[in-house]
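S.K.: Protein chains in written order, with the working numbering: chain P, 1 to 312; chain W, 1 to 651.
If you are wondering where the hints come from, they were derived from the structure by calculation, not from laboratory data. Hints may contain errors.
[Stated by the list, open to error] Some chain P residues judged to face chain W by a derived CB distance under 7 Å, without partners named:
1) L14
2) T15
3) I112
4) D117
Quick reminder that beta carbons are idealized off the backbone N, C-alpha and C, glycines included.
Below, each chain spelled out in residue letters.
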Amino acid sequence: MILTSANLVFIVTLTIMPFLLIGVIKKIKACFQNRVGPPVFQSLYNLVKLFNKDEILSKDCSWIFRSGPLISFSGMLLLCLSVPWLPLQPPVPGCDIFLFVYVLALIRFFSIISSIDAGSPFSSFAASREATLSFLAEPAFVLALVALGISAHSSDLALIFGQPIENNRIPLSVWFFSGLALFLSGIVELSRMPIDDPSTHLELTMVHEAMVIENSGPNLALVEWSYALKLLLFFGLIAQCFVYSLSKIIALPPLLLPLSVLVVMLALGCLTAMIESFSVKLSWGKNPDFIAYAVSMSLLSSLAAFAMNGGS
Amino acid sequence: MNFVTPLFLAAFMLLLASAVLAIVTRKKFSLVCVALTALACVFLISGALQIGRSDSLWKLSGPFYLGVAPLSFRFDALSAVFSALLGLIALCAALFSHAYLKHLSGRINQKYYWCSLNLFVLGMLGVFLAANAITFLVSWEIMSLSSAALVVWNFSESKGQKAALIYLGATRLATAFLSAGFLWFHHAFDSWDFAKWHFNQADLLVPSMMVALGLFIKSGIWPFHIWLPYAHPSAPSSVSALMSGVMVKVAVYALLRFFLIDGSGSIYLAWVCIALGAISSFWGVLFAFVQSDIKKLLAYSTVENLGMIFLAAGICLYAQVAQLKEIAALAFVAVIFHSINHGLFKSLLFFCAGAIDSAVHSRKLDSLGGLINKMPATTGSFLIGSTAASALPPLNGFVGKWLIYQSLFMLAASETERAMNVLAMILIGLLSFVGGLALAVFAKMFAVVFLGRPRSPAAENASECSKLMNAIPAALAVLCLVCGCFAGPLITYFCRMHPLYSAVSLPSLPIGQIAFLFLAFAIFFYLAFLRKNGERIRYFSTWDCGYGSLLPKMQVNSQSFAHSVGTIFGHLLQYVTHFEIGGHDRRHFPERIKAETVMISLLESRIYGPALALVRLLNRHFSKLQAGSIHLYLLYVFLVLVAMIVIEVLA
């Protein structure tokens, strides 16, 4: 990792963007509910507060409990550093689709076992739900990325995303459908509405929030921070898909690209907030139906990839 | 200087000596047997490492002639890889048994155990080295029968009887198909030498399918997997480790040797391998999810992994037919590499299961829990084993799966039939789904066994088992890590074994680098955020809504964790939950609540059961022919004679 100006931009984006996204989502939701809402950077202040707090641990838990948040934070940071951002190559090179997916899986494994560690029925059932949801959504996520990879003739993320517009061989339809599939599976992975309600207070219905019900202090801070990074990671990939599709329709000047990615990410935040304001949480049994939409989008994307691949 | 033949011979002799010694001697034989077997395994490993890339043939002449063909062995790179794996796992199993059998003492006949174990290893070694069909079949039979003897050790229990019968049935079927296929090949090529046989000729499709079918049955591929979940839980853990780690790989080895290594391929076999492999991987992991016995769960996970290996073999066959060299080489490496990986992590997990069994005297997930504080060393090994089995980086399981993904990805992107592109894509989706399920399976198993509060008094009072029983899984765990982080050289090595290999450019995997960065990050953030909070931690009970202490039963268990999966795939799993709530005011103050989950194996109830019933029905009618009366038999002889004369006259 060499500290160039590109990497500097990277690091600045990584530090500010996640909190900004969460803040924007909360602010817009508050607007729809006629509330003022918390300040945009409230999640950052929360983080600082949590890091200075004492920690309460369950008597039943072991070292696994504290390792979960640590691993998920380190893993998320590593992934954020190895995924390209539109005009920029990542500081950690060589990450391919499958490595990316399975580092996410590693994080999930440890978050599942650390949430069962304390022996709390709430967090354990949430862990069971998380496991179920994520394996249902996994094909959509993988196939959306693989469709892009097939069009780009490489499984290296750096050769799929982060390429200059003129070198980009991936057709519009693949970008668009992959973007949609990533967005829908992102809703599942990020436990947003209508799969999971991040702001409810009923333990029985929550997934992500219930999994970390036993965490407190710096431990909880790491969980929240890694969630923010995950949001950035997913929205970043989705936004890049949509910006590429846009660039196939109208010619975007190269300098505008990074800016447009940021704008699209904020727009995705707005969209998420609107979905959360206007839709209701699905009942547990309906979730597979929702995930089926994500899978079908990714199948459409891969079919488009095949159709375009032979033509060129 | 070449020591290959002497080393292997010494290994053979020592195994045989150990087997005989176990039966003959009267006292203190256990330690001697362990020493002899371990020494044999060491010879085996060093012999296998000596082989390298050389290729030599060794024939035993004289009195050891097997009727129609000599006892002959071939030492080449492919058999070296598999015999090295065998040597390693057998070494671990022998050492582990020494400590583990104390747990079973009084219930197991140690003499027969050691005799069968040595013969078992000997048989597998013979299969890996066999250069002709007769040597192969003889070794195959030694392997099958001695492993059946090991499964049978608790024949007094009805469970043991059932397991032994099912397993024996499966091995008989496998041998029958193999022998029939081999006879046909002998007829076609007029030789018993494997070197003269060509399995992939179009006109020999039927016998090659027979051989393949025998191999499928032996490796427990869907729909022949039903013996696995019976045999593994019934056998002692050290034997399960050998069976799951190496014995099912014997079939993979034979598949490689017969159909893949010569660089040709049969398209039909490719389709069969791909289809059965894909179904097995899904079926295995799905059924693993709902199991509540550690070893049964591991057995189903073996079905899953073998499915993935056969899937890769199918891809390799297809690529060889379609002349896609890079994909063929990659899939070939995937088959070998994942076989080794699975051998390492699955035997590790079975050894851990044995350690848990000897400490808690139970393998039921729902009577374990909280073992992390009682058995820290086993926990560590088991954690590494389960992360490897869920194919998570940086462990070896991930590398194997990554190779399969990459070969599928390259196939999807290649210039071949459009249908194959689409199929490869669908298989990628299926594998990712299976991967997600496998993660859930192993997360569930690890969490239910080691975390939370103990669910039974036995688990509460468990203590760490002996040092030897900790050291063996730990050593395997280290190997899993090494094979994962330094996969690059190994992949190149295996790739050179492929005949179509001509310096193909393989996609690179920076897994060591990523693992290093990950570790660096984790240590840094631990020091930065969590450690300094060390003195500011307060301990309190788990959140219980203020109702008072949580009982051990108020935790997620293996059934409740799997409930949502059970309902989603209810039809496949035949998963039914009955609730019974009773009492005077059953709505508000139920006096009695009973929930019961029933699961019937679909294949057994719908296919094998009716098939067996049909065989029994036919038997009942055919048995009338065998009335036991001498007059009747004389009549049969006479009738046959007449029939033959008539045929002769008519012809």
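S.K.: Each hint needs a verdict: does it hold in this structure or not?
M.R.: Taking the hints in turn, this is what the structure says about them:
{"no.": "1", "hint": "L14", "result": "violated (13 Å)"}
{"no.": "2", "hint": "T15", "result": "violated (15 Å)"}
{"no.": "3", "hint": "I112", "result": "holds (4 Å)"}
{"no.": "4", "hint": "D117", "result": "holds (5 Å)"}
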